[in-house]
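Chains as they are written, first to last, in this note's numbering: chain A, 1 to 618; chain B, 619 to 845.
Since the hints were derived computationally from the structure, they do not count as laboratory data.
Don't take each hint at face value.
[Unchecked claim] Residues from chain A that keep clear of chain B, each with C-beta distances beyond 10 Å, as calculated:
hint, residue
1, G71
2, V393
3, S409
4, D474
5, D482
6, G484
7, V487
8, N489
9, H492
[Stated by the list, open to error] The calculated EDC-like cross-link candidates involving lysine to aspartate or glutamate, where the alpha carbons are at most 16 Å apart (straight line), are:
hint, chain 1, residue 1, chain 2, residue 2
10, B, K727, B, D709
11, B, K820, B, D709
12, A, K544, A, D566
13, B, K831, A, E496
14, B, K831, B, E783
15, B, K727, A, D566
16, B, K647, B, D740
17, B, K727, B, D635
18, B, K825, B, E788
19, B, K727, A, E459
20, B, K727, A, E401
21, B, K647, B, D682
Using N, Cα and C, we set each Cβ at its ideal position, and we do this for glycine too.
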Amino acid sequence: MSAWSLSLLGAACLWIAASTGAAAQAVSPPSAVFEFRAADFVLHDSDQPPGDDAGWQRVALPDDWYVSRPGVSGVGWYRMDFELPPGPHSIHTIYVPRGSARHIVFLLNGARVGTGLVQGDARALNWDAPMRFAIAPALLRDGRNVIHVRVDATADLRQGLATVTVGPGAAVMPMFFRRAALQVDSLRMFGGAALLVGLIAGVFWRRSQRDPVMFWLAITAFAWAAMSVPWFGPQFGEWNRAGSLINFPLRFAYAAPLLVLCLRVAGRRSPAIESGIWLFTLCGAAVMPVAGEALQSRIITLWSVTYLVALAVLLVFVGVRTGKRDVSFRLLVAGIALAAVLNVFDLGRWMGWLNYDNLTLTHFHVPLLLFAIGATIADRHFRAVAAVEHAKVELEHRVTEQTREIAASYQRLREADRERVLTLERNRIMADMHDGVGSSLLSLIGMIQSGKTERAAIERRAQEVLRELRLAVDSLGPVDGDLGVVVGNVRHRMREAIENSSARFQWHVGELPRIDYLTPPGMLAIQRVLLEAITNALQHAHAKTITVRTDVDHAGRTLVIQVIDDGAGFDLAAVVRGRGLDNLHARARTVGASVEIDSAMGRGTRVSFRLPLLPFEV
Amino acid sequence: MKSTRRTRVSLVEDDADMCKRLAASIRGKDWLELIATYRTGAAALAGLAAQAPDVLLVDLGLPDMSGLEVVRFTAARHPACDVLVISVFGDEANVLAALGAGARGYLLKGSLERDVTIDIRDIRNGGSPLSPLIARQVLRRLQPRRPNRGEHVAETAGRIGEETELSPREAEILNAISRGFSYAETAENLGITFSTVHTHLKRIYRKLAVHSKTQAVFEASRRGLLL
Numbered sequence: 001m002s003a004w005s006l007s008l009l010g011a012a013c014l015w016i017a018a019s020t021g022a023a024a025q026a027v028s029p030p031s032a033v034f035e036f037r038a039a040d041f042v043l044h045d046s047d048q049p050p051g052d053d054a055g056w057q058r059v060a061l062p063d064d065w066y067v068s069r070p071g072v073s074g075v076g077w078y079r080m081d082f083e084l085p086p087g088p089h090s091i092h093t094i095y096v097p098r099g100s101a102r103h104i105v106f107l108l109n110g111a112r113v114g115t116g117l118v119q120g121d122a123r124a125l126n127w128d129a130p131m132r133f134a135i136a137p138a139l140l141r142d143g144r145n146v147i148h149v150r151v152d153a154t155a156d157l158r159q160g161l162a163t164v165t166v167g168p169g170a171a172v173m174p175m176f177f178r179r180a181a182l183q184v185d186s187l188r189m190f191g192g193a194a195l196l197v198g199l200i201a202g203v204f205w206r207r208s209q210r211d212p213v214m215f216w217l218a219i220t221a222f223a224w225a226a227m228s229v230p231w232f233g234p235q236f237g238e239w240n241r242a243g244s245l246i247n248f249p250l251r252f253a254y255a256a257p258l259l260v261l262c263l264r265v266a267g268r269r270s271p272a273i274e275s276g277i278w279l280f281t282l283c284g285a286a287v288m289p290v291a292g293e294a295l296q297s298r299i300i301t302l303w304s305v306t307y308l309v310a311l312a313v314l315l316v317f318v319g320v321r322t323g324k325r326d327v328s329f330r331l332l333v334a335g336i337a338l339a340a341v342l343n344v345f346d347l348g349r350w351m352g353w354l355n356y357d358n359l360t361l362t363h364f365h366v367p368l369l370l371f372a373i374g375a376t377i378a379d380r381h382f383r384a385v386a387a388v389e390h391a392k393v394e395l396e397h398r399v400t401e402q403t404r405e406i407a408a409s410y411q412r413l414r415e416a417d418r419e420r421v422l423t424l425e426r427n428r429i430m431a432d433m434h435d436g437v438g439s440s441l442l443s444l445i446g447m448i449q450s451g452k453t454e455r456a457a458i459e460r461r462a463q464e465v466l467r468e469l470r471l472a473v474d475s476l477g478p479v480d481g482d483l484g485v486v487v488g489n490v491r492h493r494m495r496e497a498i499e500n501s502s503a504r505f506q507w508h509v510g511e512l513p514r515i516d517y518l519t520p521p522g523m524l525a526i527q528r529v530l531l532e533a534i535t536n537a538l539q540h541a542h543a544k545t546i547t548v549r550t551d552v553d554h555a556g557r558t559l560v561i562q563v564i565d566d567g568a569g570f571d572l573a574a575v576v577r578g579r580g581l582d583n584l585h586a587r588a589r590t591v592g593a594s595v596e597i598d599s600a601m602g603r604g605t606r607v608s609f610r611l612p613l614l615p616f617e618v
Numbered sequence: 619m620k621s622t623r624r625t626r627v628s629l630v631e632d633d634a635d636m637c638k639r640l641a642a643s644i645r646g647k648d649w650l651e652l653i654a655t656y657r658t659g660a661a662a663l664a665g666l667a668a669q670a671p672d673v674l675l676v677d678l679g680l681p682d683m684s685g686l687e688v689v690r691f692t693a694a695r696h697p698a699c700d701v702l703v704i705s706v707f708g709d710e711a712n713v714l715a716a717l718g719a720g721a722r723g724y725l726l727k728g729s730l731e732r733d734v735t736i737d738i739r740d741i742r743n744g745g746s747p748l749s750p751l752i753a754r755q756v757l758r759r760l761q762p763r764r765p766n767r768g769e770h771v772a773e774t775a776g777r778i779g780e781e782t783e784l785s786p787r788e789a790e791i792l793n794a795i796s797r798g799f800s801y802a803e804t805a806e807n808l809g810i811t812f813s814t815v816h817t818h819l820k821r822i823y824r825k826l827a828v829h830s831k832t833q834a835v836f837e838a839s840r841r842g843l844l845l
């Protein structure tokens with residue numbers, strides 16, 4: 001990247017060197033073009049050319065008064081002549097590469113020429129712009145023609161007369177245009193571009209991270225845009241009135257922002273140094289308008305040197321201090337370095353060390369500066385895009401991780417829940433085993449140990465225990481609230497007992513409603529109630545017929561299961577409530593049901609189990 | 619039994635006491651002939667490869683393998699052989715698995731009052747009694763499937779459908795059994811003969827076995843083991 005910026009810098013230097021060279025050298029003109037490297041001069045404050053006896057002296061052109069007659073301020077006359085062959089003459093043009101004076105008037109053969117041209121108005125204080133004046137053919141003579149130049153100038157402000165060239169318009173105009181393009185158009189162009197880039201940088205600064213570097217880039221660009229404004233004016237004369245007022249900003253407006261920018265690029269935020277820079281700049285701007293020309297000269301010199309030194313120091317500082325070395329940074333450093341170099345060049349001309357005809361060059365560092373701003377903006381933009389992209393990836397990653405975590409914790413919850421349900425179920429089965437099978441087995445052992453119980457009774461008891469166990473296992477099977485299966489299973493489990501009994505068994509189980517809340521404990525409770533009732537009928541009633549029937553009451557709110565026998569029956573009042581009957585009621589209650597026993601001696605028994613078809617709390 | 623030949627029975631049971639009792643019951647009937655008893659699954663597989671009984675009694679809890687292996691082997695090797703599974707609880711999970719593997723019924727361990735030979739006679743006549751719980755599960759499994767919205771019904775499903783789905787009458791029979799009705803009561807309620815009920819039950823058993831096979835194939839292809 002540095003190679004790229006270096007080659008850019010090199011190209012710019014070559015271009016500048018070539019053009020300045022072309023302007024400074026005495027290009028041997030075509031025979032008809034005269035380039036005056038010397039002229040007669042006399043200090044003479046008059047409106048008309050002084051006579052031959054006025055004391056003309058030979059001087060070299062260009063004539064920088066700061067060098068040739070320091071301290072002088074006033075009107076001087078230059079005189080030069082050239083020969084034209086006889087014949088009709090084309091339109092001729094006078095060209096001066098730099099028009100730097102309070103007032104310049106050209107006369108040819110005693111007649112005034114070339115007023116009213118935009119960049120050639122002799123009245124204008126044309127800071128550094130070239131001048132041209134058209135000469136009507138009628139003014140030209142065969143043989144000797146004399147040019148008089150009236151220059152109202154100040155040595156302190158480096159005014160005077162540059163090289164004068166006269167010749168046919170076709171030959172001389174291109175010289176003017178080239179000079180105007182390099183000195184004036186470039187400044188306008190850079191000014192416009194600086195305004196645009198400054199605006200973009202400003203918007204970018206406001207809209208994004210409020211980066212101070214971006215802010216000072218924008219301010220520097222705006223300063224350059226402002227400095228180019230006078231060059232867009234229709235008449236330099238208009239600006240001339242503001243002369244000394246805008247003289248300082250026109251030279252140094254960019255300097256303070258550029259220095260602050262240097263500091264910020266170096267990552268330094270030093271209020272003291274920055275205040276110093278601004279104070280120094282304000283001093284110059286304040287003193288300049290009220291200062292005499294001699295003082296103005298000193299101010300310009302002092303401020304130029306100071307800014308230059310500060311720039312050089314900060315440049316070294318930036319190079320040493322800053323850690324990042326990206327393209328925008330290198331471009332910026334290159335731009336600032338170029339500004340320093342070009343300033344040295346301009347200072348050299350100001351001090352009279354270089355040819356007076358030379359271009360003013362400082363503003364040629366502006367393109368590099370604008371490139372740097374553009375690169376910085378692009379860099380920020382792409383970095384922001386990359387950051388967004390990265391954030392997106394990061395976000396996706398996090399979402400994935402979160403999803404996985406949620407899934408995992410859900411899984412854990414589910415497992416915990418299942419574990420809980422399993423524990424509940426295990427506890428239930430354990431309790432069941434303990435109260436049901438366990439106690440039955442204990443009583444069975446007791447029967448065996450006593451040795452008094454008959455073998456058949458023991459066997460029957462054992463069968464009951466096994467059946468109990470089977471019912472418990474059945475209650476774990478999925479029935480989906482199908483009560484018909486629950487009732488049907490009781491008969492299945494009692495098959496042997498029923499087949500071995502002499503009673504006729506009538507089974508009237510219709511389609512029963514689904515009861516969704518039927519849990520394994522509920523199912524087991526219902527089965528035990530029925531089992532108990534049927535067992536009682538089989539064992540004690542000596543019935544001929546045992547009927548099991550199911551009905552749903554008219555409202556559909558209650559299910560009734562009845563076990564009816566036509567056996568011996570018993571006296572409800574006389575019977576002390578035995579363990580069996582108590583069990584029936586207790587078990588029915590666990591599912592929210594009730595048991596009703598209707599019996600009388602010799603009239604059989606009817607056990608009615610009523611289950612409300614509504615959810616209940618176990 | 620009108621058959622002039624005695625029904626040949628083999629027994630696979632690792633519990634010696636149980637084995638002795640079952641053998642005694644079988645030898646007590648002149649129409650039954652006990653041709654072999656095996657104490658392990660491996661012995662049973664070896665023996666059954668050589669000779670096929672008419673009825674095989676298999677305990678599910680064998681020391682070296684699941685009794686289901688023996689059931690599956692026998693059902694594949696000797697389709698004519700009726701396999702009865704011996705179960706402690708007759709719980710639906712085990713029984714359904716046995717029926718799916720090709721068993722024709724089960725008998726409960728510890729039915730002391732009840733002679734095992736009655737179960738054998740039952741099965742020779744069509745099948746041992748189904749419990750209501752198992753009848754209900756069979757009903758659920760083999761209920762004709764109404765394809766759900768957007769559900770892709772495999773091409774083979776239609777072909778196998780008839781082999782695995784219950785007919786309306788079969789569903790009626792299973793429904794009655796699930797509510798506790800005996801075969802005789804079911805026959806009477808539906809206005810059909812007792813033997814027709816047995817015929818239907820036989821068909822249901824076959825469908826259940828086919829269903830578990832196609833279910834296995836379906837599962838395998840779904841998991842990418844086949845095709």
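Taking the hints in turn, this is what the structure says about them:
1. G71: 104 Å, holds
2. V393: 32 Å, holds
3. S409: 28 Å, holds
4. D474: It is violated; A:D474 is separated from chain B by about 6 Å at its closest Cβ, not greater than 10 Å.
5. D482: 6 Å, violated
6. G484: 4 Å, violated
7. V487: 6 Å, violated
8. N489: Non-interface label on A:N489 violated, nearest chain B Cβ at 5 Å vs cutoff 10 Å.
9. H492: Violated, because the least Cβ-Cβ distance between A:H492 and chain B comes to about 5 Å, which does not exceed 10 Å.
10. B:K727 <-> B:D709: Distance ~12 Å between B:K727 and B:D709 Cα, so the pair holds.
11. B:K820 <-> B:D709: Roughly 20 Å between the alpha carbons, so the hint for B:K820 and B:D709 is violated.
12. A:K544 <-> A:D566: With Cα atoms ~6 Å apart, A:K544 and A:D566 stay inside 16 Å; holds.
13. B:K831 <-> A:E496: 34 Å, violated
14. B:K831 <-> B:E783: 13 Å, holds
15. B:K727 <-> A:D566: Not OK: B:K727 and A:D566 at ~34 Å, beyond 16 Å, violated.
16. B:K647 <-> B:D740: 15 Å, holds
17. B:K727 <-> B:D635: Status holds; Cα separation ~12 Å.
18. B:K825 <-> B:E788: 11 Å, holds
19. B:K727 <-> A:E459: The hint holds at about 15 Å.
20. B:K727 <-> A:E401: Status violated; Cα separation ~54 Å.
21. B:K647 <-> B:D682: Violated - the C-alpha atoms of B:D682 and B:K647 are around 31 Å apart, more than 16 Å.
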